[in-house]
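Protein chains: 2
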Amino acid sequence: MAEDQNILLEKIKEQGDIVRKLKASKESNDKIKEEVSKLLALKAQLKPEEATPQKFTLKTAKGTRDYNAQQMTIRNNVLQKITNVFKKHGAECLDTPVFELKDVLTGKYGEDSKLIYDLKDQGGEILSLRYDLTVPLARYLAMNKINNLKRYHIAKVYRRDNPAMTRGRYREFYQCDYDIAGQFDPMVPDAECLKVVTEILDALDIGRYVLKVNHRRLLDGMFEACGVPADKFRSTCSTVDKLDKMSWDEVRTEMINEKGVTPDAADQIGEYVRLNGGTELVEKLLADEKLSKCKSAVEGLEGIKLLLHFCSLFGIKDKIVFDLSLARGLDYYTGVIYEAVLTQPIKIGNEEQTVGSIAGGGRYDNLVGMFDSKNKQVPCVGVSIGVERIFSVLEAKLAAGEISVRTTEVDVYVASAQKNFLDERMKICAQLWDAGIKTEQSYKKNPKMLTQLQHCEENGIPFAVVLGEAELKRGVVKIRNIITREEVEVPQDDLVQELKVKIDALDRKVMNGPVV
Amino acid sequence: MAEDQNILLEKIKEQGDIVRKLKASKESNDKIKEEVSKLLALKAQLKPEEATPQKFTLKTAKGTRDYNAQQMTIRNNVLQKITNVFKKHGAECLDTPVFELKDVLTGKYGEDSKLIYDLKDQGGEILSLRYDLTVPLARYLAMNKINNLKRYHIAKVYRRDNPAMTRGRYREFYQCDYDIAGQFDPMVPDAECLKVVTEILDALDIGRYVLKVNHRRLLDGMFEACGVPADKFRSTCSTVDKLDKMSWDEVRTEMINEKGVTPDAADQIGEYVRLNGGTELVEKLLADEKLSKCKSAVEGLEGIKLLLHFCSLFGIKDKIVFDLSLARGLDYYTGVIYEAVLTQPIKIGNEEQTVGSIAGGGRYDNLVGMFDSKNKQVPCVGVSIGVERIFSVLEAKLAAGEISVRTTEVDVYVASAQKNFLDERMKICAQLWDAGIKTEQSYKKNPKMLTQLQHCEENGIPFAVVLGEAELKRGVVKIRNIITREEVEVPQDDLVQELKVKIDALDRKVMNGPVV
Numbered sequence: 008m009a010e011d012q013n014i015l016l017e018k019i020k021e022q023g024d025i026v027r028k029l030k031a032s033k034e035s036n037d038k039i040k041e042e043v044s045k046l047l048a049l050k051a052q053l054k055p056e057e058a059t060p061q062k063f064t065l066k067t068a069k070g071t072r073d074y075n076a077q078q079m080t081i082r083n084n085v086l087q088k089i090t091n092v093f094k095k096h097g098a099e100c101l102d103t104p105v106f107e108l109k110d111v112l113t114g115k116y117g118e119d120s121k122l123i124y125d126l127k128d129q130g131g132e133i134l135s136l137r138y139d140l141t142v143p144l145a146r147y148l149a150m151n152k153i154n155n156l157k158r159y160h161i162a163k164v165y166r167r168d169n170p171a172m173t174r175g176r177y178r179e180f181y182q183c184d185y186d187i188a189g190q191f192d193p194m195v196p197d198a199e200c201l202k203v204v205t206e207i208l209d210a211l212d213i214g215r216y217v218l219k220v221n222h223r224r225l226l227d228g229m230f231e232a233c234g235v236p237a238d239k240f241r242s243t244c245s246t247v248d249k250l251d252k253m254s255w256d257e258v259r260t261e262m263i264n265e266k267g268v269t270p271d272a273a274d275q276i277g278e279y280v281r282l283n284g285g286t287e288l289v290e291k292l293l294a295d296e297k298l299s300k301c302k303s304a305v306e307g308l309e310g311i312k313l314l315l316h317f318c319s320l321f322g323i324k325d326k327i328v329f330d331l332s333l334a335r336g337l338d339y340y341t342g343v344i345y346e347a348v349l350t351q352p353i354k355i356g357n358e359e360q361t362v363g364s365i366a367g368g369g370r371y372d373n374l375v376g377m378f379d380s381k382n383k384q385v386p387c388v389g390v391s392i393g394v395e396r397i398f399s400v401l402e403a404k405l406a407a408g409e410i411s412v413r414t415t416e417v418d419v420y421v422a423s424a425q426k427n428f429l430d431e432r433m434k435i436c437a438q439l440w441d442a443g444i445k446t447e448q449s450y451k452k453n454p455k456m457l458t459q460l461q462h463c464e465e466n467g468i469p470f471a472v473v474l475g476e477a478e479l480k481r482g483v484v485k486i487r488n489i490i491t492r493e494e495v496e497v498p499q500d501d502l503v504q505e506l507k508v509k510i511d512a513l514d515r516k517v518m519n520g521p522v523v
Numbered sequence: 008m009a010e011d012q013n014i015l016l017e018k019i020k021e022q023g024d025i026v027r028k029l030k031a032s033k034e035s036n037d038k039i040k041e042e043v044s045k046l047l048a049l050k051a052q053l054k055p056e057e058a059t060p061q062k063f064t065l066k067t068a069k070g071t072r073d074y075n076a077q078q079m080t081i082r083n084n085v086l087q088k089i090t091n092v093f094k095k096h097g098a099e100c101l102d103t104p105v106f107e108l109k110d111v112l113t114g115k116y117g118e119d120s121k122l123i124y125d126l127k128d129q130g131g132e133i134l135s136l137r138y139d140l141t142v143p144l145a146r147y148l149a150m151n152k153i154n155n156l157k158r159y160h161i162a163k164v165y166r167r168d169n170p171a172m173t174r175g176r177y178r179e180f181y182q183c184d185y186d187i188a189g190q191f192d193p194m195v196p197d198a199e200c201l202k203v204v205t206e207i208l209d210a211l212d213i214g215r216y217v218l219k220v221n222h223r224r225l226l227d228g229m230f231e232a233c234g235v236p237a238d239k240f241r242s243t244c245s246t247v248d249k250l251d252k253m254s255w256d257e258v259r260t261e262m263i264n265e266k267g268v269t270p271d272a273a274d275q276i277g278e279y280v281r282l283n284g285g286t287e288l289v290e291k292l293l294a295d296e297k298l299s300k301c302k303s304a305v306e307g308l309e310g311i312k313l314l315l316h317f318c319s320l321f322g323i324k325d326k327i328v329f330d331l332s333l334a335r336g337l338d339y340y341t342g343v344i345y346e347a348v349l350t351q352p353i354k355i356g357n358e359e360q361t362v363g364s365i366a367g368g369g370r371y372d373n374l375v376g377m378f379d380s381k382n383k384q385v386p387c388v389g390v391s392i393g394v395e396r397i398f399s400v401l402e403a404k405l406a407a408g409e410i411s412v413r414t415t416e417v418d419v420y421v422a423s424a425q426k427n428f429l430d431e432r433m434k435i436c437a438q439l440w441d442a443g444i445k446t447e448q449s450y451k452k453n454p455k456m457l458t459q460l461q462h463c464e465e466n467g468i469p470f471a472v473v474l475g476e477a478e479l480k481r482g483v484v485k486i487r488n489i490i491t492r493e494e495v496e497v498p499q500d501d502l503v504q505e506l507k508v509k510i511d512a513l514d515r516k517v518m519n520g521p522v523v
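Chains as they are written, first to last, in this note's numbering: chain R, 8 to 523; chain F, 8 to 523.
Check before you lean on any hint, since a few could be wrong.
You can't tell identical chains apart in this list, so a pair holds if it fits in one copy or across any two.
[Claimed, not checked] Calculated cross-link-like contacts (lysine-lysine; reagent style DSS-like; alpha-carbon spacing at most 30 angstroms): (1) LYS452 - LYS302; (2) LYS28 - LYS38; (3) LYS452 - LYS381; (4) LYS20 - LYS312; (5) LYS69 - LYS121.
Calculated directly from the structure, the hints in this document are not laboratory data.
As the structure is a prediction and not an experimental result, all values here were calculated from the model.
Using the sequences and the accompanying hints, generate a full structural model.
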């Protein structure tokens, strides 16, 4: 904006004020016309781009959105519940920058790398926005030579994907990650990740779910046993991963036509990936003629068997399904992989919303080593909660009136029925703020009493302090209960104390409304 | 990473395991040598880029940093205190995307626009990272046609500035913004912003401070009175803004040589910008021969006078200084401007750290209108807390051992002195987690007792549940107090109840260590 334009805008504002005042005081039409013509003359001086300042569509970037106060209340509530579970399991909190050197991300995501956002080369380093929180964690561990860490990280990640915003698929979205790094005994941290997911989904109470588990070594073994060449394991894997969105026939066609798998091999894979179950399925596959001959398949199956045992000790076995069709797209997984899926659509009003996958993760033992000059490995396992889908369900419930939220926590509104009480209101506000009481007042000099009380009702503020001349002379003020409309007089000196007692006695659950 | 390379890495890992096992079981040297040579042969197959995977320097992008667990604990503590004050004043929480359409940011920051990070054009929209939280707020208000809002926003912003990281100047840094939008009576919301800043700085307790205030209308009037042409007001203003880093002589030279101000005008400005004080200075300037003739100067002075009156009602007048040298660089301010400055260096060990400005803001009545097709204005005023400088002070204190932090909140560690107790430990952990108790255990099958107790001591975990065969047979477990080393036996059925009583009785202040 040009500097003189800014001053011109000021002048237009001033002239507008003059016109408004004349109109308000019902001056003669001639006088008003004269000032209006001055105003129009000033506006004519505005450059075209200032007169119509908005030349572009006013919107957020494709696939992104603002969070308004109600959405933020829901979001903060969900993230708090997730954080509580992470902390219950002793995880530390970490944060990394939103962008990384592009080299850090290169070669970590397989086919999905094309979805990475790059920054413009403005001189200096070549940077990209983070695509997930896992690769930055691996970079952090390698850079600081840390061998042992349990951390959580809640932050936004960026993918130039095809957004489907009504279903909670964005280009900027939150991930809530929990990872355990270190050389430990088999499946002990892996099982805890599953326990963490169950605790989070139970705390969020958004419906029935299953946790699907599988093992990359078993997938490799299965591909080997079915005659897929080793160099096609990963790409075949990423095709199997599409089974939740495509039919087996479509997946089979892609395997044969795009991944170069023979029809015979594809058909053999098809037999396996239809299987799911529990320990009995593991036993059956351990006895399977083809798989039992393949070292990595046996290793994977033994891993799943141990994992299921630990899940049974954790009391979560009824929520776990061993599913051979689970593949996970990302390149970096090396061991167990998991995915949490809601098993029933969520009813919102008269509509049903299918949510599908809401958490996923697995073991990635080689990722840290890719950043180490001596290829030193730090084995890792972790899980990521896909909260956007949870947000979108709750927001739909909010829109349908099934839940309600309060967007502020104000307990007291300082009001006055009379004119010229701004100074007194300000003094009382400062007194309450300094005592730690959440307080608001009108920013107008002489607000109407009705407007003030309406503000309290609309915003769920439980109490109003009402100032009046007669009361102030006697050294008292009124406290009004907004819901019951009951009013009590208290000495000004006791105001803080009285309010604190009343606030402590509030039933918060009712005040803040049910969330979820 | 090529797919077959991933499999090769697996094979190398397996072969490595074989070699380690042979060495551990003290097999013959020949046998070990044979397996080592196999290992080396596998490693030789690695492509050069895999054998030395780290071809680039392992670092975060220039001007950015990771936050480790201790830094995050400090950061979350500071942000929580700030959030509490924002909520105490009834602000709602909003969030906007990290990037905006480039057009949204264009023309809002004057000379600083060159510091904006752009995203690469990968097809589709042209995007930039947000430079502050104020312009996205204005875009949000205009886009949603909101006339009235009190919101806070805590998020990272991005500036391609010259970083000085030891002093808390980064390219990615937090801003904590509090803004009031709406048509209200003069200086009422403006004064509350100052009150909010004092409450935050008092809560953070990082030393004495002053809040400098000034008024853009007064600056404009002063420039006008000193003979600066109107089209040079804003650029002269951004030169005055440098007075906190440059001497008057340098500023004067820049005004004359770069901004085209006459030496005479510059000298007159020099007389004014040296002034600071309180209400008595306002009165003196209202009587000033030159300024009293200039409408905008009088308007600015009347504004400051009213603001100081409200600050006095709020009980914060002793912290406010009316300072004519305060200018603020950004283009969009139109009324009051403010800046909070620590008045004494902070002692850390034997060194003193000068912190300087830690908050700033002002009124920007024309910014929202720049996004509205009809140029409809929504007056706004707000303040932004520069927390990075506060973080850097606290981190320096942490490094000097003057404060300590605990990075997890774990209350109970489930331990065992005997081998093969993993299953029992897992069952107890699940029991405690399900009861909401923050619990950890070793991820090793057979951890040493000493290691487990050391972990508790190092991490400030107050209690250990110690499992033993003899006790379990009798249906009891031991609870050990890590600090006193006292042990009590409790029936397994009472474990949750007993632990909850003990945890509730903890003195948290001591446990978590002083922060700040």
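Alpha-carbon proximity context of LYS452 and LYS302, limit 30 angstroms: This pair counts as between: shortest inter-copy Cα distance 24 angstroms, intra-copy 80 angstroms.
Copy assignment of LYS28 with LYS38, given that the CA separation must stay at most 30 angstroms: within (11 angstroms within a copy, 100 angstroms between copies)
Up to 30 angstroms CA-CA - LYS312 versus LYS20, copy category: Intra 74 angstroms, inter 22 angstroms, cutoff 30 angstroms: inter-copy only.
Within, between, both or neither, where LYS69 and LYS121 count as close if Cα-Cα is 30 angstroms or less: Both: 17 angstroms inside a chain and 24 angstroms across chains, each within 30 angstroms.
Intra- versus inter-copy proximity for LYS381 and LYS452 (alpha-carbon distance at most 30 angstroms): Between copies, since 29 angstroms is at most 30 angstroms while 70 angstroms is not.
Checked against the numbered hints listed earlier, the structure breaks none of them; every hint is satisfied.
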